[in-house]
Amino acid sequence: MTRSFLVMAHSGRPESIAAAALACRELIAGGAAAVVLDSQYAEISAHDDTAVSVLGRDFAVEDIELVICLGGDGTILKAAELVRGHAAPILGVNMGHVGFLAELEAEELESVVHRALAKDYVIDERLALDVSVEVNGTSVHETWALNEASVEKSSHERMIEVVIAVDDRPISTFGCDGVLMATPTGSTAYSFSAGGPVVWPTVEALILVPLSAHALFSRPLVTSPTSTLTVDVLDRTGASGVLWCDGRRTYDLLPGSRIVVKRSDTPVRLARTHTGPFAERLVKKFSLPTEGWRGSSS
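252 is the number that my numbering gives to position 251 of the sequence shown; each next residue is one higher, with no gaps.
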């Protein structure tokens, strides 16, 4: 059976499309099938008439051996959404800015296909979240997240009032812009920007971070991976909210909604080629270049 690899690019960046076309040509030269999304077929195949296959037409998701993502974290999150529940791991090549989920940088592109064809990688299963919304004790919406689920106010003018709880034990209540619940993978994304702790991906835990809370006690919490986190949106002010998952999937919340977050039984599989310590990646990704900055030495 022909080995098949899904190649996904950031459609808004010509350099990502060009890199995807190159990756496809190298895969085909290596005897494998290069599969792309139908929405990207025209862009990628236009580069030197690259002979690519189309996902859903020529190959199904369950046929894919590995997903090669060429973009930023948003592209990788899109891939995670697509292959969730299937065996294919995701190998990210950063074509954006920080690209924390990406394993390789753009200048390493030439080695990506060779390592993919040689299966020169290990698979890292990352903890994900199951998220549900309840109204009057009845589940009305279910979704999931790899990075984070955030409950946020839907109006700029009004805070939402919430009760946060862990394992059905109320912890605090306050008015706020929102509450964020993250995984260790997501600790370096929105959670990090909101003042949450950086949690090593090998640590199994759940993270809760209040967003601009009007309260004396509004510290971030790190809980057991078996904990259940809940956020009740109080209806006494009439303010509504919105649920965001990975910045991609939204659901409008009525006052009185309860958001329940637990560890998912379905992890996300990331392909890893670097075996260095996480601290090395952390410093590399968040250290800004000093060249050209005011006051930097020549």
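Since the hints were made in silico from the structure, they are not lab data. Please note: incorrect hints may appear among the correct ones.
Taking lysine-lysine and the DSSO-like style, the derived pairs with C-alpha atoms no more than 30 Å apart in a straight line are [as the list claims (entries may be wrong)]:
#	residue 1	residue 2
1	Lys285	Lys79
2	Lys79	Lys120
3	Lys120	Lys286
4	Lys120	Lys285
5	Lys263	Lys79
6	Lys286	Lys79
7	Lys286	Lys263
Using C-beta positions, here's what the derived DEER-type ranges look like [claimed, not checked]:
#	residue 1	residue 2	range
8	Ala61	Arg249	15 to 25 Å
9	Arg4	Val167	44 to 54 Å
10	Ile172	Ala19	11 to 21 Å
11	Thr227	Leu283	24 to 34 Å
12	Ala119	Thr251	37 to 47 Å
13	Glu109	Pro198	22 to 32 Å
Please read these numbers as outputs of a predicted model, since none were measured by experiment. Glycine included, C-beta positions come from ideal geometry on N, C-alpha and C.
Tested hints:
For a cut-off of 30 Å, the pair hint linking Lys285 to Lys79 stands: about 24 Å separates their Cα positions. Under the criterion of a C-alpha separation no larger than 30 Å, the hint pairing Lys79 with Lys120 is consistent with the structure, at around 23 Å. Distance check on the hinted pair: Lys120 and Lys286 sit about 25 Å apart at the alpha-carbon level, within 30 Å; holds. The suggested pairing of Lys120 with Lys285 holds, with an alpha-carbon distance near 25 Å, which does not exceed 30 Å.
Between Lys263 and Lys79 the CA atoms are separated by roughly 21 Å; this keeps the pair inside 30 Å, and the hint holds. With a C-alpha separation of about 21 Å, the suggested pair Lys286 and Lys79 falls inside the 30 Å cut-off, and the hint holds. Our distance criterion of 30 Å between C-alpha atoms is met by Lys286 and Lys263, whose separation comes to about 29 Å. About 22 Å separates the C-beta atoms of Ala61 and Arg249, a value consistent with the hinted range of 15 to 25 Å.
Taken as a hint, the range 44 to 54 Å holds for the pair Arg4 and Val167, whose Cβ atoms sit roughly 45 Å apart. The hinted window of 11 to 21 Å between Ile172 and Ala19 is violated, with their beta carbons roughly 50 Å apart. Checked against the hint of 24 to 34 Å, the pair Thr227 and Leu283 passes, with Cβ atoms roughly 26 Å apart. Here the CB-CB span from Ala119 to Thr251 is close to 40 Å, well matched to the stated 37 to 47 Å.
For the hinted restraint 22 to 32 Å between Glu109 and Pro198, the CB-CB distance of approximately 30 Å keeps it satisfied.
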